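Asker: One letter stands for each residue in the lines below.
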Amino acid sequence: MSVVELQNVSRWYGNVVAVNDISMTLQPGVTGLLGPNGAGKTTVLHMMAGFLSPSKGAVTIDDKPTWRNPSIYRDLGLVAEREAVHGFLTAREFVTACARLQKLPDPKAAAKRALEMVEMTDAQDRRIDTFSKGMRQRTRVAGALVHEPKVLLLDEPFNGMDPRQRMHMMELLHRLGDHGHTILFSSHILEEVEQLSGLVQVIVAGRLAASGDYRRIRRLMTNRPHVFAVASSDDRRLAVALIGEKSVSGVEIEATGLTVRAADYGSFTRALPRIALGEGIRLRRLLPSDESLESVFSYLLEA
Amino acid sequence: MSTVAYITVRGLFGRRRALLLLPLPLLLMALAAICRGYDVKPSDWGQPVIVGLGLAVVLPVIALIVGTGVLGSEVDDGTIIHILTKPLPRRDIILAKLLVAWVVTALTTAVPLFVVGLLADSTRLGVALAIAAVVGSLAYSALFLLLSLVTRRPVLLGLVYVLVWEGLLGRFVSGTRVLSIEQYVITLADKIAPTGLLDGKVSVPVAIVMSAIFALGGTIYAINRLGSFSMAGETS
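Here the protein sequences line up with chains A and B, keeping their order.
Using our numbering, read the first sequence as starting at 1 and increasing by one per residue.
Using our numbering, read the second sequence as starting at 1001 and increasing by one per residue.
Honestly, the hints are just simulated from the structure, not real lab data.
Just to be clear, a hint being listed does not mean it is correct.
To be verified - Pairwise CB distance ranges, derived in the manner of DEER restraints:
#	chain 1	residue 1	chain 2	residue 2	range
1	B	Asp-1077	A	Thr-121	21 to 29 Å
2	A	Ser-10	B	Ser-1203	52 to 60 Å
3	B	Arg-1017	A	Met-167	38 to 46 Å
Predicted model, so just to flag it, every value in this text is computed and none were measured.
Cβ atoms here follow ideal geometry from the backbone N, Cα and C, with glycine treated the same way.
Given the sequences, and given the hints that come with them, work out the whole structure.
Answerer: Next up, the structure:
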């Protein structure tokens, strides 16, 4: 059992603070590291993997610091976001080389096992530079898994994968998590995390915005007010009618139409046509304007 | 260590820039053969071909291509990460890379320099040039390996060292020669086979001690730098 721990970790580049006073503990199982692009996920992962020194605080795996400590790689595997692999090697050569560098007693058998695990046995004798993105990704995962590390860190592992490859990878990570490995993967896509992991750490603008069970955080997200842009034949009269509706918590009149805040997505979308029909107002436009991930994350940050 | 060396060799010769290693030594030998064939006096062509082309261009440029190729290109494309995420002492990684760079550079430069020395004067000069090239290869390789870790443009900085520091300043400002690997190589070759063709400008002890300092200092500093290798996030 391995525990990855960040204690009051900050990292800045000159005047820019990339990670701001984050503390977290990762336990065995699958954890998702969630956040919009540029939130600091990669910086956190790189510090965990010993490729960045924290400007402040401590990053440890089983109480051993990760920075300038190559021995941690006996227990740690990293699948970085950058998909560079030695393209001139075949998958089997690459994974076997990884096994040898880990000084495993039987590198060939370990490589075979890792390639089977990621289902790359059929293509194992092809050069990596002939592979598709997903195959490359799986080969890199095999390389990172060959020594069966207790901790596996993956930076955006689903980027560029087709749905089938995604499913394969998710199954694999699940399996590893169930076997007691500590798996952390980063993603900026909520649905990926939803399918894969019960536990999430949400990072927004370098800070830890939420941490814990996904369902609880998801509930926070669904309880937030929904914002709609509405345009009609008579905006002002529609606004008067809408404010009397229970599910509406606010209406603003703007040059291009109305901005309506609704507490409940379902009842508002059912009520709107009824109200418009009753008032004899023609609806021209109805757009949910608040569905971007960034707004979900920033809502979490405020919550 | 052998696996790192294996991947390094495969990487070095798997890239197109390995072909760059061929023309310069061939040109060097061809020039010497032509001069010899046309019975030009060695005193007329020896110095420009051996020093001007062989030691001032072929040796450092090949060392630069190989020295930055063994590590710099892996740092550049990010594949170094697969080697760094292994529980290997950073010393082993640097030594394996240095060994590959040294052996490849030494073979590619010592053989043509031996041939040129043989054609210009004697077997003794050939052997002297080959030995000096082997020593110079080590000093250059350590330097260029280190450059791969301290700058994102090791080739450019290496070229500045070879062309500006050694080539230009070395010619006019005598003090710069103490830090010029080319001068150590000339001095060593001249000491082993004194002919009128080579003109060493630094003393033999300086050449030996400074070569060792370049090789050792570069290696130790490179090991330390690799220990603190940082990755900048692409999305952060």
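Asker: When the structure is checked against the list of hints, which entries are broken? Sort them ascending.
Answerer: Violated hints: none; all satisfied.
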